[in-house]
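In the order they appear, the protein sequences are chains A and B.
Position 157, counted from 1, in the first sequence is what my numbering calls 157; the numbers after and before it change by one each time, with no gaps.
Position 109, counted from 1, in the second sequence is what my numbering calls 1109; the numbers after and before it change by one each time, with no gaps.
The hints are simulated quantities; they were obtained by calculation from the structure and are not laboratory data.
For every residue, glycine included, the Cβ atom is placed at its ideal position computed from N, Cα and C.
Wrong hints could be hidden among the right ones.
Footprint (simulated), chain B over chain A, 3 or more residues, beta carbon under 8 Å [claimed, not checked]: (1) 24-34; (2) 129-140; (3) 310-321; (4) 330-336.
Protein chains: 2
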Amino acid sequence: MTFKLAFIGFGVVGQGLAEILAEKRERLREKYDFEFEVVAISDMKLGSVYDPEGLDLDEILKKVEEGDSLSDHPDAENGWDSLETIEKADADTIIEVTFTDMETGGPALDHVKKALKMGKNVVSTNKGPVAQEVKGLLDLADENDVHYKFEGTVLSGTPAINLAMKNLAGCEIEEIKGIVNGTTNYILTKMEDGMGYEEALQKAQDLGYAEADPTGDVEGVDAQGKTLILSNTVMGADMDLEDVDREGITGLTSQDIKEAEKEGKRWKLIAHAEKDGGEVKAKVSPEKLSKDHPLAGVMGPTNAITYSTDHLNDVTIIGPGAGKEETGYSLLVDLLAINEEV
Amino acid sequence: MTFKLAFIGFGVVGQGLAEILAEKRERLREKYDFEFEVVAISDMKLGSVYDPEGLDLDEILKKVEEGDSLSDHPDAENGWDSLETIEKADADTIIEVTFTDMETGGPALDHVKKALKMGKNVVSTNKGPVAQEVKGLLDLADENDVHYKFEGTVLSGTPAINLAMKNLAGCEIEEIKGIVNGTTNYILTKMEDGMGYEEALQKAQDLGYAEADPTGDVEGVDAQGKTLILSNTVMGADMDLEDVDREGITGLTSQDIKEAEKEGKRWKLIAHAEKDGGEVKAKVSPEKLSKDHPLAGVMGPTNAITYSTDHLNDVTIIGPGAGKEETGYSLLVDLLAINEEV
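Using the sequences plus the hints, can you model the full thing?
And the structure:
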C-alpha cells in the first residue's frame, strides 16, 4: 500500500520527520517496501494545506524555513483545523505532533481518539495522550483494526518502548531504572565538572537543552510523565500522573556531588518503576549510583534505561533522548512497523 | 495456531529453552497468545523421542537431569537422527541447537536447509549456518514462506540483531563496535584488578566462562564469527570468515593494561565493522577505548554493542552474552516473533 500521511502539528518534530521522508523516499521504498504521500499538514501557527495527490515536501519545508504560511499554498484548503483535517483529508495515517499537555492530554487526546475511531493509524511523539489513557487508546486502535504507536515519547528515537515490548517479549520486566531527561543529566554532568547549579543551568539553556522556564525539566515533571508511560506500557500498570512520586534535582548542591564522588558514586535523576507484588510502584528522584551501575557512565544529555528481567537480568539501552532528527526519526520507525504489519 | 516444535540438539541451550517453556506455558498463552507442543527431540548423545500429541517437558527434563537416555522413553521412535526427525516428525518449527562449526556450518547447515525446504520455521542459536550463508538461508525461508531467526547467535538473548534490524529500521548503520565475547572481557577486567593473564584465564575457567582449551575465546575466533554475522545481517555484507581480520587478547600484558589506565583508557577486545564506500570492512582486535566511550564501562562477562547511525548517532545495548537461560530465552523471543507474524 502507499501510505497517505497527514501531519497534525508541524513544529520541530514534524519537520524533523518530513526532512527524513523527503531525503529517504527512494531508500525506504527499496529497502522496506514503504511508499507514502504526505497529503495534509495542519499546524496552529503555520496554517494548513491539503492535496490528495500528495504535497511536495521539499517545497513545504522551504516555505516553512522562509517563514511563509502554509495557507498561502495553492493546495491550501481554506484553513482546515486539526480535527477537520483528520476528518476530511483522505489520509490513512495521522502523525500527531502537536504540543504536549501532560495534565489533561490536551487537544492531542481528541486528535488521537478521532483518528482511531475513523479507522486511521496514529503515530505520535506526544506524551499527553499516552500518559492519560494509553490502554483505552490501544483498545480503540484494536477495535478499529488500526495501529497507535508512540516510540518517541520516551528516549526519542532510541528504541526504549519497542525494546521492552518486542525484543524482550517473554521476559518479565521486574524493574525499570532510567535516565529519561537529558537536560538534568547534562546539568549534573556539568556540576561534576565543577560548575555551580545556576551556571550549569544557564549553559543548558544556551545550548537549547533547557527552556527559559526550566521547571518541567529540573523539577522532574518531564521525567515523571515518561515514568508514567513506561509504567503503563512496559509494566502494564494503570496509573495516573500523581501516582508517580516526584523529586527534581534542585535540592542537589555542588557539595552533594563532590561527596558522592568521594564515595565512588554519582548522582543521577532516576526514573524508577518496580513491580511490588501485583502492584507497580513508580517514582522520579535523584539517586546516588555506584559507578559500576550501567547508568552511572551515561553523561551529558544522553539518556538510558536499564530493564531488569527474569531471563536476562539487566539489559540497558543508551542513546539520544531528544533532538529534531532523533525524535522525527521515531515516527519513521513507527511507520515502518505499521508497514510490516499491514 | 499451536506451534509443533522439534528440538534438534538438546544440550545446555535446548534445555534452557525447554525449562522456560515448561515454566511459562500458561503465561505465554495469556500474554502472547502463543501455544505450543514439543513433539520431538533428537540429540546425538541423549537419543531421540517423538510424540505427535506433545511430550511432557517436565518428565523429559527430569530424565535428562538423571542422566537417562531419551530413547528409553515410551514415545521413542527407535532412534531417529536429526535429519530423520526434521523429515518425519509432524513439526512446523525446528529448534536447531546442535554444536557450532564456524568453518563449514557443520551438520547444522544441513538441518536448517532441510527444514526450510520442507516449509518448517527454524529458530537457532547456531552461529555456523548464519556465518556460512545467511543470505541464502533467508531467501530459502522466504521462498518457502517460513521464518529463519537467530537472535541468540550474538549476545545470547540480549536483543542485538533485532535491535538493529527492527528497532533501528530506517536508520543507516554506519559502524558497529561491540564487546561480543564475555570470556575475554572477564579476563581483561580481572587483569585490570591486578591479576596476571594466566591467573585471570584460570579464574575464567573455574567459573565456566572459558573452556579447557580457551583458544576460541582468547584468540578472537568466537568474536570473529559474531562480527561476520553482524556484518552480513545488520550491514548486509556478503563476507566470509577470512574477510574478518582477527587478533585476540593473548598479546596484551599487565603492563599494557596499566599503561592504558594511566592514560585514562581501557583495553577491550572489540568487534568492529564499518561501511567504507560501498564496502564493509570488519575486524576483531584489542582497542584502547577512552573511558567515556559507552563500551568502556562494560565489565566482567557482560557484552555490549554500539551501533553508529545516521539519525540517532550512537545507540548502545548492554546485556548478558551467554548462559543457559539467557541463550535459551533468545529462542523464545524468536518463536514469539514468528507467532506475531503468522
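Which numbered conditions among the earlier hints are violated in the structure presented, ordered from lowest to highest? Of the numbered hints given earlier, the structure breaks just one, which is hint 2.
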